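Chains as they are written, first to last, in UniProt numbering: chain A, 1 to 319; chain B, 1 to 319.
Don't read these hints as lab results, they were simulated from the structure.
Please note that a few of the clues may not be correct.
[Stated by the list, open to error] To give a feel for the contact side, a few chain A residues facing chain B, derived at Cβ under 8 Å:
| # | residue |
| --- | --- |
| 1 | Lys15 |
| 2 | Lys184 |
| 3 | Gln187 |
[To be verified] Only some residues are given here: those of chain A computed to face chain B with a beta carbon under 10 Å:
| # | residue |
| --- | --- |
| 4 | Gly24 |
| 5 | Ile32 |
| 6 | Leu103 |
| 7 | Gly121 |
| 8 | Thr123 |
| 9 | Leu207 |
| 10 | Leu208 |
| 11 | Ile244 |
| 12 | Pro245 |
| 13 | Val249 |
| 14 | Leu257 |
[As the list claims (entries may be wrong)] Covered stretches of chain B, as calculated for chain A (at least 3 residues, CB under 8 Å):
| # | stretch |
| --- | --- |
| 15 | 88-99 |
| 16 | 110-120 |
| 17 | 126-139 |
| 18 | 226-234 |
| 19 | 241-253 |
Keep in mind the model is a prediction, meaning the values are calculated, not measured.
Built from N, CA and C at the ideal position, the CB exists for glycine as well.
There are 2 protein chains.
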Amino acid sequence: MDEIKIIEIIKKTLKFSNKNVVKGIDDDCAVIKIDENFYLVATTDMMVKKTHIPSILTPYEIGRRILTANISDIASMGAKPLAFLLSISLSKEEANELFIKELYSGLDEFSKLYNCPVVGGDTNKGDELILSGTALGITDNPIYRRGEVGDDICVTNDLGRVYCALHLYYKLKYKKISYKEFEKLCQKYPKIFEKLKRPVARVKEGLLMNKLINGCCDISDGLGKEITYFKNFEIHTDKIFKLIPEDVVEFCEAFDLNPIKVALNSGEEFELLFTTSKFNKVKNTLKNYSKVHKIGKIIEEGQFIDGEEFHGGGYIHKW
Amino acid sequence: MDEIKIIEIIKKTLKFSNKNVVKGIDDDCAVIKIDENFYLVATTDMMVKKTHIPSILTPYEIGRRILTANISDIASMGAKPLAFLLSISLSKEEANELFIKELYSGLDEFSKLYNCPVVGGDTNKGDELILSGTALGITDNPIYRRGEVGDDICVTNDLGRVYCALHLYYKLKYKKISYKEFEKLCQKYPKIFEKLKRPVARVKEGLLMNKLINGCCDISDGLGKEITYFKNFEIHTDKIFKLIPEDVVEFCEAFDLNPIKVALNSGEEFELLFTTSKFNKVKNTLKNYSKVHKIGKIIEEGQFIDGEEFHGGGYIHKW
């Protein structure tokens, strides 16, 4: 059983809807129409300690991360954050003042950054740390996962660092390297760990380019999975290569990794993947915030990489 | 460490807010002002298998229950349900088609009942079943946990059955009774199990009495805990006794329980506890839906039961 099959069963089973629902479970956020020019967008994102939270993250970083993961979905709709709610299940290990203070300090700091107050929550006792966030946002023009034929497909900033950071983290976890070696590598590749530990959702970018783009999603499960939401596309490895920062290229050489595969499979990057016919305008509008790179185009039919059929990538939960 | 202390730490740590937030984490729902006569209310409620989900509940009942627990908070604000999101963490045990279909069928059935479509979610892999729901609602007049001096304090329908059902469930779980005896008792006290297995949120009641009441909360952790949100009150055991249905009285006699304690400590009842100066109007307005009972009054100062100081009750998580 995998995540995709489970979501299919869920979609088939949930039959009830009503006229308020513009978009259900098929996009980064649900979209609820409040009136003609006013839409509420809502998303929920859960982090399970064993599956999602590398033990090298501090409680402070965990707090920022759960908020960022949710806000990134709001950003990808081109919407403005409105409010955040967090339910938490704590095991005995985390049910102490220090852990809670640090976690919620991280949350508080980033809620200010995103102008998205934490307005509610629920506290529970469980066997492992689980955080479940819900972010709400508002917009007059929700942006979906789509594109027009001929649109450029673009990505903000860069991809690959999170994959590299996790690569090292798993080497440490499965004792392929010592903690001392791990620490040395952290110092050698500081930006790689920065992106894992302190990701930022591209809220300003989403808002600024709202009227200039045709479609958008955030890169949380890896470009290789997210790109398939656009259905028909051609992308090019030489262009993807321009998304990969130099330290990632160096890292890939040192650890014998394919940098293109790294870029396609690097999840929780929280960069925006979008489609537009106004690339230069977008580039100019975002120039003080983020770089933008073209990686391909929306086409009539098919999914291609360098002219060959595209076979995907990215992360899918399996049981 | 207990839940109350944790919530205190969280409230102290979360400093950021903005002008949209009318109510933060101090009520059944957060309240966000959209415009003069339009408020969004939002709540999140998590169920952890070991802590919250008796194994006698079917997946279908679990699905209905997580929705009802969340919608009950919307009802207590006097608001109209708008949409629901569900994040879920599945262990290997639950990651199968039958379980998922049943769970989401229960959810779908009740989302129709409450006119509250399920619009989003997140699916994860974990060590135990955890469901985290978020319900959104709208209202022109959010009702808080409060009352005016002199207000009647009232409760809808009845209290006590859930406590009794769990009392038997724990006898079964800790092998004080056999499964056969348990089944016999289920047949002897059918309404007791009905209330545990198929609770309903009082949405219509909340909406109908919105303009007639001064304060409201739902009874999810037990009357003994919820009543303290009203700060200053006197309640009377003879009046509380009228809330207790006959089968609960019988059950208490058979199992040597104090029915008043049962009524004060019975959680997840999802009845509404409210304050009003218009008791007769409320009673008349709800007559086709729910009974209402007075149990006491809001006073100037202090918390009393039968003239004695009140020492609380209800459920609090402890680590």
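Q. Checked against the structure, which of the hints given earlier come out wrong?
A. Per hint list: 2, 3, 9, 10, 11, 12, 13, 14, 18, 19 violated.
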